[in-house]
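A.B. asks: Residue-level listing of the chains:
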Amino acid sequence: MINPYIELILMYIGINIILALSLNLVNGYMGEFSVGHAGFMAIGAYVASVMTVLIFPAWPVLLTFPLAIVAGGLAAALLGLIVAIPSFKTRGDYLAIVTLAFMMMVKSGLENIDAIGGARGFLGMDRLTNLPWVIFWVVITIWVIRNFIYSNYGRGVLAIREDETVGELMGVNTRQVKVLAFVISAFFAGVAGGLFAHLLQYINPTMFDILKSTDILVMVYLGGVGSLGGSIIGAALFTILLEVFRPLQVWRMVLIPLLLVLLMIFRSRGIMGFTEFRWLIPKREKNDTPKNK
Amino acid sequence: MINFAHGDFFMIGAFICLLVITFFHWPFVLVLLAAMIGVTLLGIAVERIAYRPLRQAPRVSAIITALGVGIFLENLTLAFSPYPQAVPPIINNIYWTIGEVTISLLQVITIFLSVVFMLILYFIVQRTKVGIAMRAISWDKTIVPLMGVPVDRIVTITFALGSSLAGAAGMMYALSYPVIDPYMGIMVGWKAFIAAVVGGIGDVRGAMIGGYLLGALEILVVAFFPSTYRDFMIFSLLLVFLIFRPLGIFGKSKGQKL
Amino acid sequence: MTLLKINDLTHYFGGLCAVSRFNLTVEANELIGLIGPNGAGKSTIFNLITGIYKVEKGEINFAGQDLLSKRTNQISKLGIARTFQNIRLFNELTVLDNVRISHYASLKYGPLSALLHLDGYRSEEMRSIAEAKQLLSYFKMEGLAYETAKNLAYGQQRRLEIIRALAAKPQLLLLDEPAAGMNPNEIDQLMEFVSQIRKQFNLTIILIEHQMRMVMNICERLKVMDFGVTIAEGKPTDIQNDPKVREAYLGDKFGAA
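Protein chains in written order, with my numbering: chain A, 1 to 293; chain B, 1 to 258; chain C, 1 to 257.
One or more hints might be untrue.
[To be verified] Reference listing, derived: stretches of chain B covered by chain A, where coverage requires no fewer than 3 residues with Cβ under 8 angstroms from a Cβ of chain A:
(1) 97–111
(2) 154–165
(3) 207–219
(4) 235–248
[To be verified] Facing chain A, according to a computed beta carbon distance under 7 angstroms, are these residues of chain C, among others:
(5) Y53
(6) T72
(7) N73
(8) K77
(9) R82
(10) R88
(11) I101
(12) L107
(13) A114
(14) M126
(15) Q156
(16) A168
(17) Q171
[As the list claims (entries may be wrong)] To spell it out: a stretch of chain A is covered by chain B in this simulated footprint if at least three of its residues, at any positions, have a beta carbon under 8 angstroms from a beta carbon of chain B; those stretches are:
(18) 81–95
(19) 98–112
(20) 265–276
Think of the hints as simulated: they come from the structure by calculation, not from any bench.
Note that this is a predicted model, so its numbers are computed, not measured.
Where a beta carbon is used, it is the ideal one built from N, C-alpha and C, also for glycine.
Modelling step: build the complete structure from the supplied sequences, incorporating the hints.
C.D. replies: Structure representation (structure tokens):
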């Protein structure tokens, strides 16, 4: 059996991997600057918790937990759909503000709903998240997002990043692609939220504010944009560093951003920016021309 | 480039103010100068060390670096000041009542300073050589050096100007709301970003109007709605605003010629 | 059969009139040239046809369909493709991926299939790769398939842009100054290239170009514009001698071609 401390760390790494992968889809592959990712996570956390604690507490856990997680993801995906609409006409910093606004509205909205604890937070979840479930969801996330990236929708996402107008000219339905990207990104953030809630067993709106969004942004850009492997490494490294430096207490968060800044100076695209692990690339996409040097 | 550490420069301004008042007991004007100069030096240092190497890098890397600098400053301050601190008053704050409204000397000074600074900034950006260079750099970074503009120096000056204002703001805040803590700058930084976008990126008047609008909105909303809904209402209004004016009040679309 | 019909097209940029009452009828398989000094409004017309700019005055009809209410990607799906005078490739993507973007509208699987790797997803993707490689090999560029687009030589990039447009299987191809920056030798190759693809892919082509050598040689019909207004149209030989055209644009230079 694994040491419970290590198991906890691994679970946090898994949750962070899901968060980083989902944000990378919109920020890395599509080239947007969404800063409200914590909002999607919050919705997933609250909806999943409400389901297991308030709506179906008596049902068998093996059934309710995955349902709750999926419900959380779907609820977050709905918000993702709404957020996608301004992205049709708005880009760049203006879209960043829109995502920020949505996140603040979610946080503020949650603070005002007393039935789920308001600002005091929501308690009562069972510790339903365990390592097998986390691994399961991490694998699903990687697989689905990878399928998406290497499909024509994924190429559409890249076309939007590179040159949206020309993408449209070549037939890419940019609206459809943007909706898909935001919805999928939000869904998995919601899943991560649900897993997070059932690990910590307590959630409140302040956990899902700009600081959380900033954490996820750091993981994505640390690991490298436009790279699945990058998000995995970024999330893992970020989580591990936070733990390893815990003895330093407050100096931990003085040292880590310093390292981040140094990394950005010397390798601005992140650890694995735009490159990918070979085992993640589908066989059909690989360069099969014989090397003739 | 978006300096997300700007809010934290503001916070440092407030803490410099605290230090200077507590240890040197300086009068108002000197404290203001200390805050402005101190943060200016900080801004120049950060620009040279952290931002300049990233000039050619993708914009988001620069933004992440700025966020990193911000977190660094917050926690460095936290390490030296684990508890919120009270700032000793250095001005006798007089209150005047006009009809139903009460205003204080500090509020008058704050407004006065902000108008003065805005005028100075507007003048510099619109009417001087340095200002033209700044605006040129924001439009096209690559050819501007070919026209003889010392880009490094202009960027440093820009940062110095912006940082000095952040320092002044920090000081006025510290005097007006005398409890300060290392995290006070975070929301301020993001709200400054929002104000800049609402006012229209690239326009100084827009930034100021955006700032006042946001501030006024925060107070007014609480007057009409329950205070817990404040953030919710403000951001809903922000969204509605962006639907009708996606480029902000004075924003110009940097349209490409196809 | 009339493929494209433009009626009374007018466009303003603020107070400046960029295009004034432009008319054009294009029959299938024609190769038409649109010439005129810089700023005459030629690229604007391309942008209006493809929906990049919203048409405020005038009508555009393509293969029986009104284009005014359609979005750019819908217009592309109808069969119109465009290239740009300052090459706009997807720089960070490979040559192959650049070409495959154009398959977006023709791939037969939906988002759910993509996400869950269902039937049809893999086979359609393989088909897309095979078709793209085949197209590239027709132009002897299959060896560059996995090269990043921004690393290609200028001439190769030009050709890639056109190949990418061809992958969308258009009926009408709008070429915007494809010969820009080329020497006479390269222009000859380009002329050969354009004639070849026109025949092979059954294309109708509208060409904006400043290189008279190319225009006079391959265009069947010309329209000359200046300050948004059409000042002459007809066969190349007629235009050659038109005094209005000479005055506005060709002047003395033409004697040399």
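A.B. asks: Each hint needs a verdict: does it hold in this structure or not?
C.D. replies: Each hint tested on the structure:
1. 97–111: With 0 residues close enough to chain A, the hint is violated.
2. 154–165: violated (count 0)
3. 207–219: With 0 residues close enough to chain A, the hint is violated.
4. 235–248: This one holds; 9 residues, not fewer than the three required, reach chain A with a Cβ under 8 angstroms.
5. Y53: Result: violated, 11 angstroms to nearest chain A Cβ.
6. T72: This interface hint holds because 4 angstroms falls under the 7 angstroms limit.
7. N73: 5 angstroms, holds
8. K77: 6 angstroms, holds
9. R82: Holds, about 6 angstroms.
10. R88: 5 angstroms, holds
11. I101: It holds, given that the least Cβ distance between C/I101 and chain A is near 5 angstroms, below 7 angstroms.
12. L107: Constraint on C/L107 satisfied, holds at 5 angstroms.
13. A114: Because about 4 angstroms separates C/A114 from the closest Cβ in chain A, which is inside the 7 angstroms limit, the hint holds.
14. M126: 6 angstroms, holds
15. Q156: 16 angstroms, violated
16. A168: 5 angstroms, holds
17. Q171: 13 angstroms, violated
18. 81–95: Holds, because 5 residues of the segment 81–95 of chain A bring their Cβ atoms closer than 8 angstroms to Cβ atoms of chain B.
19. 98–112: With 11 residues closer than 8 angstroms to chain B, the segment 98–112 of chain A meets the three-residue bar; holds.
20. 265–276: holds (count 4)
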